[in-house]
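Asks: Sequence:
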Amino acid sequence: MSIGGCPTVWCRLFRSHPFAAIILLLLTFSTTSGTLSGTTTTPAPDNIPKFVLTDGGITCIILQAKLELLVPYFDGKSNQTKPFAVYSNASVTGKCGTDNEIIILQWIPYLSEGKFNLTMDFSKVPRSPSKSEGIIIRNITFQYNLSSKVFPNTNETGVFTVSSNGSFFETPASTGYTCTGQQNITLFGKRDVVFGVSFLHMEAFRNSSSTDFSNKTVDCIVTPGNNSIVPILVGVTAAILIALAITAFVIGNRRRAQGYQSI
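Going by mature numbering (1 follows the signal peptide of the UniProt record, and there is no 0), the letters in the sequence shown line up with residues -34 to -1, 1 to 229, in that order.
Please keep in mind that the hints were generated in silico from the structure rather than gathered at the bench.
Any given hint could be a false lead.
Straight-line C-alpha distance at most 16 angstroms; calculated EDC-like pairs for lysine to aspartate or glutamate [unchecked claim]:
hint : residue 1 : residue 2
1    : Lys115    : Asp41
2    : Lys90     : Glu136
3    : Lys16     : Asp178
4    : Lys48     : Asp178
5    : Lys156    : Asp178
6    : Lys43     : Glu122
7    : Lys90     : Asp65
8    : Lys182    : Glu136
9    : Lys48     : Glu122
10   : Lys43     : Asp21
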């Protein structure tokens, strides 16, 4: 049965609460036409660099990923950013251990007067009543040489270091970690550097001579990088606004029904 020439719920909602109807329409369109970051599956490209740390015949760390560092600098006129990819020809050094392991990737970019070093510090997370033993990267440090040959017209030269502490890429012990989506980690220093990681597959604290990954892995599902909070907030906000719009519609209908009865 139509009311006042409005046979649909949308029509009645728009006539009684136009503002709520507009919000609901916009939210419906945005949530049905968009996709959340990190929920789609992207096939891994060929030749993803693979880095292996071996000590005494034991391969303790395997790290395969597309790694990129966005280094900011000032060219005398404006702020610029130069990307540096870590290729498979980077040398691998580090330390195997029981509770802590370190992998260091070192390379010399084209025209650079010094080496670049990317260090990742792995740690075991002790078992607790709420969770089992795990593995994290607790520190990431990047050291680079700033020179005019690599950074044209830069007003600064020398060796700079940036780093970040946290609980990156947490996974249960004796389990690998995979994540296809892009994850950006800010490394803090005089000028912050963005460390981008994608198509990641890693294992640490291994006790095997094999340089192949095991079959036991945990996938990140939704990218836990800096951008993952945005779709979560959007979804929560959308749910709240939709609930408010529906509540306003129901209250409006009840008031009109009471008005009809009083007449």
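Asks: For every hint, state whether the structure bears it out.
Replies: So, going through the hints one by one against the coordinates:
1. Lys115 / Asp41: Holds, at roughly 12 angstroms.
2. Lys90 / Glu136: holds, 10 angstroms
3. Lys16 / Asp178: Cα-Cα ~10 angstroms, so holds.
4. Lys48 / Asp178: It is violated: about 33 angstroms lies between the C-alpha atoms, which goes past 16 angstroms.
5. Lys156 / Asp178: Not OK: Lys156 and Asp178 at ~39 angstroms, beyond 16 angstroms, violated.
6. Lys43 / Glu122: holds, 13 angstroms
7. Lys90 / Asp65: holds, 5 angstroms
8. Lys182 / Glu136: holds, 14 angstroms
9. Lys48 / Glu122: holds, 15 angstroms
10. Lys43 / Asp21: Answer violated: Lys43 to Asp21 is near 48 angstroms, above 16 angstroms.
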